[in-house]
Structures are given as structure tokens and as C-alpha cells.
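K.L.:
Under the UniProt record's numbering, the sequence shown has 133 at position 133, and the numbering climbs by one with no breaks.
Any given hint could be a false lead.
[What the hints assert, rightly or not] In silico lysine-lysine, PhoX-like type, Cα no more than 20 Å apart, as pairs:
{"hint": "1", "residue 1": "K183", "residue 2": "K110"}
{"hint": "2", "residue 1": "K243", "residue 2": "K70"}
{"hint": "3", "residue 1": "K110", "residue 2": "K43"}
{"hint": "4", "residue 1": "K110", "residue 2": "K311"}
{"hint": "5", "residue 1": "K243", "residue 2": "K311"}
{"hint": "6", "residue 1": "K321", "residue 2": "K311"}
Honestly, the hints are just simulated from the structure, not real lab data. Quantities reported herein were computed from a predicted structural model and do not represent experimental measurements.
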Amino acid sequence: MDAGEANVTLASYDTTEKSTDALKINGSNETTTYYYYQSSWYKPMVVTAFILLMTLICVGNALVLAAYCKARRLRTRSNLVMIQLPVTDFIGGLLLVFHIVTFLVFDTIKWLYLCILRYCLTIFPGMATVFALLMITVERYYAILHPLKHRQRHYAKWSLVIGLSVWIPSSFVGLILPFVWHKDWSYDKDKDCEMSLVLPEHYLGSLLCSGFTIVASCIVYMYIRIERAVRQSNFTVKEKDVKLSKTVVLILACFFTCWAPLIIMLGVFSSPLIQYTPTTITIRFFLMNLATLNSALNPIIYAIRLPEFRKAIWEMVTGRKPMRRNTVSSSDCYSTSNTRTRSSVRSDIV
1 MDAGEANVTL
11 ASYDTTEKST
21 DALKINGSNE
31 TTTYYYYQSS
41 WYKPMVVTAF
51 ILLMTLICVG
61 NALVLAAYCK
71 ARRLRTRSNL
81 VMIQLPVTDF
91 IGGLLLVFHI
101 VTFLVFDTIK
111 WLYLCILRYC
121 LTIFPGMATV
131 FALLMITVER
141 YYAILHPLKH
151 RQRHYAKWSL
161 VIGLSVWIPS
171 SFVGLILPFV
181 WHKDWSYDKD
191 KDCEMSLVLP
201 EHYLGSLLCS
211 GFTIVASCIV
221 YMYIRIERAV
231 RQSNFTVKEK
241 DVKLSKTVVL
251 ILACFFTCWA
261 PLIIMLGVFS
271 SPLIQYTPTT
281 ITIRFFLMNL
291 ATLNSALNPI
301 IYAIRLPEFR
311 KAIWEMVTGR
321 KPMRRNTVSS
331 SDCYSTSNTR
341 TRSSVRSDIV
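My request is simple: use the sequences and hints to build the entire structure.
P.N.:
Below is the structure:
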């Protein structure tokens with residue numbers, strides 16, 4: 001073979017150096033590096049997906065929040081906890097603006113802390129959602145197993161405890177900790193903004209995945225207790241509480257379906273023995289979008305399963321109350337009563 005006709009071979013992929021496919025030409029010192037995000041379809045696909053997700057998330061959760069603020073009948077003790085979930089989802093939708101702007105402005109992020117912020121704004125809403133679901137489960141647990149204690153709680157103090165329990169741990173783990181605990185970028189000349197090159201494996205595996213597993217186990221344990229209590233013959237539970245608990249179970253099932261694949265993948269690849277490839281990085285991107293899609297599904301569950309929210313959203317969007325079936329108008333009742341009165345008077349006269 002001539003020297004000019006060098007064979008092209010695929011270089012081994014190593015995340016400790018860079019998250020790229022490298023094509024090396026044998027017999028020469030030239031190296032052509034193709035980044036996984038340099039495809040012609042990548043940027044339009046990512047921006048379109050983020051815009052669509054942001055629209056669905058923000059519009060759906062904004063309707064739920066507006067209905068809660070407008071309708072006073074929705075401001076119950078149980079809904080005070082339930083409304084934390086649309087708040088976290090709405091904030092997660094707004095944070096997608098950062099991802100859209102960075103994808104449009106930068107081909108690749110070269111500043112370390114901007115790259116960390118990129119992944120923090122994905123982790124933070126997810127952590128807030130996890131803690132919001134935990135607080136919702138705790139509220140359902142006390143509402144069904146300890147109804148007297150649940151009713152005796154002070155409304156203002158309870159709302160403060162809920163807010164602090166959701167936002168303090170999620171802010172610390174998702175926003176503050178990555179800026180303090182991250183990898184060194186000084187060795188990498190190209191400075192690729194890749195999660196495995198920025199966030200430590202112990203943060204992704206030991207903290208995020210283990211924390212997710214612990215919280216999920218607590219939620220499952222409490223709902224097993226709730227299910228056992230409901231099935232007891234001598235245990236009376238309001239039908240409204242049971243229906244609300246089933247709605248929360250549906251929300252939890254949707255959440256774990258959307259988030260579990262991403263958490264499992266992060267846990268597996270946090271091992272030093274397993275390294276990312278361009279294919280697995282692409283799979284991780286789609287799993288991140290699946291996890292984000294969960295925030296757009298929750299308002300649909302609210303509207304389908306909770307009649308109070310559905311009626312309030314309908315009244316707010318259309319400006320009129322939903323029609324009830326098998327109802328008689330007041331004018332019909334008035335005319336019917338007048339007819340009956342007249343007939344009785346005539347019979348008395350006769």
C-alpha cells in the first residue's frame with residue numbers, strides 16, 4: 001500500500017481524555033476529531049426539542065398554578081402540598097431557556113462554571129421534584145393513618161415546613177454542591193463540556209443515585225402502609241382521601257417511569273470500569289429529555305384525576321362554568337312551582 005493511501009481506523013474512546021470519536025490516520029501525525037455534537041442535525045434537533053418541552057411544561061403548569069390561585073375552594077390543606085409539584089415543574093420549564101440560549105450561542109461551552117451550571121439546571125429541578133413527591137407522600141400518610149394530627153396542624157407553619165423541606169436540600173445538592181465539588185479541567189486542552197468530565201463519579205453515583213433510591217424506598221414504604229390501612233375492615237377513610245392518594249400513586253408511577261432509566265444509567269456509568277461512548281452519550285441525552293417530559297405530564301394527570309382542578313381550569317380558560325348533566329334551571333323550577341300552585345288553587349275553588 002502506498003504511503004498516501006493510509007488506512008483509517010477508529011481510535012479507542014476514553015472519557016478521561018475527551019468525549020469524542022477520534023479518527024487517526026496510520027503513518028501520519030494528523031488526527032481528525034469529530035465531536036458527537038458536531039452533526040448537522042444535532043443542534044436543530046436539540047433546540048426544537050427544548051422549545052417544545054418548555055412550551056408544554058410552562059403552559060400546563062401555569063394553568064394549574066393559576067387555577068389554584070384564583071379558585072379559593074382549591075386552597076385546602078392537601079392541595080397546599082400538591083401544588084408544590086407544579087411549582088417545581090414550572091421552574092424546571094423556565095430553566096430550559098438557559099439550555100436553548102447556550103445551544104444557539106455556543107458550539108461548545110469552554111468555561112468550567114458555565115458548563116457546571118448547564119448540568120446543575122437539569123439536576124436541580126429533578127431533585128426538587130423528588131423532594132416534593134416525598135412531602136406529598138408524607139402528607140397522604142398522615143392524612144390517612146393519622147387524620148386527627150393532620151387536621152390539627154397549623155396551616156402557616158405546615159406550609160413553611162413543606163417549602164423548606166423541598167427547596168433547601170434540592171438547592172444544596174443540585175445547585176451549590178457541584179460548584180464546590182467538581183473535576184479539574186486544567187488537563188484538558190479542548191475543554192469539552194461533558195458531564196463525565198465535569199462532575200465527579202462519586203457525586204453522580206453515591207449521592208444522586210443513592211439519594212434517589214433512598215427517597216424512592218421511603219415513598220414505596222409509606223404507600224404500602226397506606227394500602228394496608230385502607231384495606232383494614234375496621235378502618236374508615238374518606239372517599240376523597242382515597243381518590244387523592246390514588247392520584248398521587250399515578251403521579252409517582254409516571255415520575256419513576258420517566259426518571260428511573262436516567263438514574264440507572266448515571267449509576268452504572270459512575271463506575272470507573274465503565275466509560276461513556278458517543279452512542280451512550282446520545283442515549284443519555286434522550287433519557288434526559290424523557291425525564292424532563294415528566295414535568296409536562298403532571299398537569300394532564302391533575303386535570304384528569306382531580307375534578308376541582310379540572311373545573312377551575314375550564315372556568316379560567318373558557319370564562320364560564322362547565323355544564324352539569326341532569327340539572328334543572330331555576331326558571332324551570334319557578335315555572336313548575338307556579339303551575340303546581342295554580343292547579344292547587346283551582347282545585348280548591350272547584
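K.L.:
Give a verdict on every hint.
P.N.:
These are the hints, each one checked on the structure:
For the given pair, K183 sits about 14 Å from K110 by alpha-carbon distance, which is consistent with the 20 Å threshold. Proximity of K243 to K70 is assessed by CA-CA distance (about 23 Å); at most 20 Å being required, the pair is judged violated. Annotation: proposed proximity of K110 to K43 holds, straight-line Cα distance about 17 Å (limit 20 Å). Between K110 and K311, the direct Cα distance comes to roughly 49 Å. Violation of the 20 Å bound is thereby established for this hinted pair.
Our distance criterion of 20 Å between C-alpha atoms is met by K243 and K311, whose separation comes to about 17 Å. At roughly 7 Å between alpha-carbon atoms, K321 and K311 fall within 20 Å of each other, so this suggested pair holds.
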